[in-house]
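K.L.:
As a plain string of letters, each chain reads:
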Amino acid sequence: MQDVKTEKKEFTPNIVAFCCNWCSYAGADLAGSSRLSYPANVKIIRVPCSCRVNPMFVLKAFQQGADGVILCGCHPGDCHYVTGNYYTRRRMALLYSFLNYMGIEKARTRLEWVSAAEGQRFSAVMNDFVKTVTELGENKRLTDLRVKEGE
Amino acid sequence: MQRIGVFICWCGSNIAATVDVVKVAETIKNEPGVVFAANYQYMCSENGQQLIKQAIKEHNLTGIVVGACSPRMHEATFRKAAEEAGMNPYMVEIANIREHCSWIHKDMEETTEKAVVLVRTAIAKVKLNAPLMAGESPVIKRALVIGGGIAGIQAALDIADAGFEVDIVEKNATIGGRMAQLDKTFPTLDCSACILTPKMVDCAQHEKIDILSYSEVEEVKGFVGNFNVKIRRKARYVDESKCTGCKICMEKCPAKKGANEFNMGLDNRPAIHIPFAQAIPNVAVIDPEQCIKLKTGKCGICQKFCGVGAIDYEQKDTFVERQYGAIVVATGFKPIALDNFNEYGYADNKDVITSLELERLMNAAGPTGGVLLRPSDKQHPKVITFIQCVGSRDSSGCGKPYCSKICCMYTAKHAMLIREKYPDTEVHVFYIDVRTPGKNYDEFHRRAVEQYGVDYIKGMVGKVYNENGKLMVQGSNLIDNEQITIESDLVVLATAIEPEPSVRKIATLLTASIDTNNFLTESHAKLRPVESPTAGVYLAGVCQGPKDIPETVSQASACAAKVIGLLVKDKLKTNPCVAQPDENMCNGCGQCANVCPYGAITYVDKEFRLGGGKTEIRRVATVNPAVCQGCGACTVTCPSGAMDLKGFSSKQIMSEVEAICKM
Ligand SMILES: Cc1cc2nc3c(=O)[nH]c(=O)nc-3n(C[C@H](O)[C@H](O)[C@H](O)COP(=O)(O)OP(=O)(O)OC[C@H]3O[C@@H](n4cnc5c(N)ncnc54)[C@H](O)[C@@H]3O)c2cc1C
Ligand code: SF4
Ligand code: SF4
Chain S
1 MQDVKTEKKE FTPNIVAFCC NWCSYAGADL AGSSRLSYPA NVKIIRVPCS
51 CRVNPMFVLK AFQQGADGVI LCGCHPGDCH YVTGNYYTRR RMALLYSFLN
101 YMGIEKARTR LEWVSAAEGQ RFSAVMNDFV KTVTELGENK RLTDLRVKEG
151 E
Chain E
1 MQRIGVFICW CGSNIAATVD VVKVAETIKN EPGVVFAANY QYMCSENGQQ
51 LIKQAIKEHN LTGIVVGACS PRMHEATFRK AAEEAGMNPY MVEIANIREH
101 CSWIHKDMEE TTEKAVVLVR TAIAKVKLNA PLMAGESPVI KRALVIGGGI
151 AGIQAALDIA DAGFEVDIVE KNATIGGRMA QLDKTFPTLD CSACILTPKM
201 VDCAQHEKID ILSYSEVEEV KGFVGNFNVK IRRKARYVDE SKCTGCKICM
251 EKCPAKKGAN EFNMGLDNRP AIHIPFAQAI PNVAVIDPEQ CIKLKTGKCG
301 ICQKFCGVGA IDYEQKDTFV ERQYGAIVVA TGFKPIALDN FNEYGYADNK
351 DVITSLELER LMNAAGPTGG VLLRPSDKQH PKVITFIQCV GSRDSSGCGK
401 PYCSKICCMY TAKHAMLIRE KYPDTEVHVF YIDVRTPGKN YDEFHRRAVE
451 QYGVDYIKGM VGKVYNENGK LMVQGSNLID NEQITIESDL VVLATAIEPE
501 PSVRKIATLL TASIDTNNFL TESHAKLRPV ESPTAGVYLA GVCQGPKDIP
551 ETVSQASACA AKVIGLLVKD KLKTNPCVAQ PDENMCNGCG QCANVCPYGA
601 ITYVDKEFRL GGGKTEIRRV ATVNPAVCQG CGACTVTCPS GAMDLKGFSS
651 KQIMSEVEAI CKM
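Note that the protein sequences, when read in sequence, are chains S and E. Residues in the first sequence are numbered from 1 upward in steps of one, following the numbering used here. Residues in the second sequence are numbered from 1 upward in steps of one, following the numbering used here.
This is chain S alone, in the form it adopts within the complex (with noise of 0.2 Å):
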């Protein structure tokens, strides 16, 4: 975990969050409205259901040169769609693996349940996951096999 670790003291991880839209993005906009901050490197995209992304989205994050991706969804039995969340949470555990098997540290990306009320977990949340990333340190594996930019 730690052999990718950078000395650069400033570094600051550009992080992509994929948030569901009945819970996890409520739930941001409550950490919002509460004005429980988390850093600024935090970028949300909104999704109907976590099962809505597609684990290419995340290659491709980290191909575009992201450090950490983050995926929130509703609480198991939760789920708006009354069972994304559990397709989320089986393509998200193979994801991990084959992570892993490109080495790109499975710790820059996480699946956290966030539901609309959860202001507060939100907020925990995300500074944690950004303190894990930055003591990653930057994202080299994939942007480094990257075979050009964008399309």
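Honestly, I wouldn't trust all of these hints.
Unchecked claim - Between beta-carbon pairs, the in silico distance windows are:
1. E:618 - S:76: 32 to 40 Å
2. S:127 - E:161: 49 to 57 Å
3. E:469 - S:76: 53 to 61 Å
4. E:189 - S:35: 49 to 57 Å
5. E:221 - S:127: 48 to 56 Å
6. S:127 - E:474: 55 to 63 Å
7. E:297 - S:76: 56 to 64 Å
8. E:343 - S:127: 27 to 35 Å
9. S:76 - E:42: 34 to 42 Å
10. S:76 - E:481: 38 to 46 Å
11. E:1 - S:97: 43 to 51 Å
12. E:317 - S:97: 48 to 56 Å
13. S:127 - E:640: 39 to 47 Å
14. E:161 - S:76: 38 to 46 Å
Rather than coming from a laboratory, the hints here were simulated on the basis of the structure. For glycine and all other residues, C-beta sits at the position ideal for the given N, C-alpha and C.
Go by the hints and put chain E with the ligands onto chain S.
P.N.:
Here is chain E with the ligands on its own, set in the frame of chain S:
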């Protein structure tokens, strides 16, 4: 070429205090595709909206991005404004620079930089937006209620009173359900029939309600607002339109040895019968398993005696097809079978009975005319022992893991009623916990203990056995920490309840989900407790989870409110952000339909041109836009990448990712 307009909101000082809004607008102006950028104090205000509308018209914009508060606040507002200016409302994207930016970061420079990225991300997305049209589907103003217990009855009456047609499909020969079998009801001890049968009559007489008794749902097609349902009307061998309910046939029928289901098999009924005196409809039915005429061709006595010529041995099942806008499932419950619980000796001892059997033994219209006599020798029992939680809260796998919820209350009821009517009777109750939350419920239980002297013993029963004609109940008394044996004349098992088994078939037909215990699942445990996840399908009564009559009735009325809210609409607007397969890429593998929680995906054979005048027929997926809820599960499952989601397409999300990463 895209012509994008960008509008940055100050939100007073909510955004402007930490985001340099002018700088954001200036920076964004130079983005490729952006032809107009402005900032304004309150974009959502009348003036702000006017600014948007004007810019759309003046600059011939093809899409807009509003950098403002959360889309959960004002997406609808800005979409409407765009629509009023002649732009498709789905060409609008929101960059959330308030909740996700200005409110949580302090450093002006950092926050402004992030706001720029968020706006760029929204621009990247909007460039790939396509105009979408919310579809419309008509609403058929008629409801179907499956199951005619108290849940179904209440829902039907409420819907019908609001002026809509309702059909009740009931599998038995009469409506009424389990409540019709009860004697008195907690917590007020009013007689069940006295409060239920008037409602049954109301159903029969209501001009908007049609009762299809002795019928079952065979097939369901369609979707919310537009269900097409095929109903099997089982042959009852009696013409419903002619039978007057005179019961002469019941008197004359020689095949009298049928187990009387209504009395839980405690006595017999003839092959031709009306289930109970107040049955609705009050029409006879012939049990074909038992009828001599139907089995051997001989007899035919009932036909001879029937004064109105209602008997028809040739009757066959018939089918009707009807259309409904909404469906209420109210299929109720049954007590579990006790095969796994030999320790209680239910199968071997006539005087070990279930609580529902006790209801019949105490009911004035029951097999003993309401005199409590034990089944074996018709003697009055002097010592009665109740055992609670039989098969409930059982994690061993023999019974059910859940609490059946009603047993603590009805056992207290039984104990009290017995002590009231026969004060010389000794009543013991073995319990694990007494669970009686609810208005006037705990008081009810305490009355049994304090006022009626019912002996409550905390502990489990190990076994019930017969010794010299006496029932020995052996159990532990946890308070006194001792093993005890109670010599009893009658043992009553508070048997766990489970969903009526046919609910599985109903759930499959409706693509309504059920949990591991076969209870139907609600759309949201807290906020949408009477809706099933399938749009247009609602849940009432014990089919959704154990509950008593007051709760059942509340849930049924809540269902009715939801149904009425749906049926008053002439048309339903459908969410246009639905899945859509690319037919040229789809190979019909069938995986997407497997993950769709709503059954929105079907497969059709389609003809494709191959060139050179040749064609080929291939199976491809199609999505019903009225059923799809737009979760996107199928898009990720599709191995050929053929399935995509409108409004959240893979390309759109990918370009958002790119915009965020390209800092
Ligand atoms: C021993 C006992 C005592 C009780 N005492 C009390 C009491 O004192 N007070 C109280 O509040 N509650 C009491 N209850 C609880 C009460 O019985 C239930 O709350 C109530 O009956 C639930 O009504 P329901 O309509 O949901 O189900 P049900 O009464 O089971 O009705 C369901 C109906 O649907 C029909 N049906 C089932 N499947 C299909 C199908 N596939 N197609 C068509 N029709 C179908 C059934 O034939 C039935 O008519 C008691 C329960 C028991 C077991
Ligand atoms: S024909 Fe069947 S139902 Fe009628 S009287 Fe004979 S046995 Fe009974
Ligand atoms: S998006 Fe969800 S609801 Fe729509 S077809 Fe795909 S899986 Fe079914």
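K.L.:
Please write out, lowest number first, the hints stated earlier that are contradicted by the structure.
P.N.:
As far as the earlier hints go, only 8 is violated by this structure.
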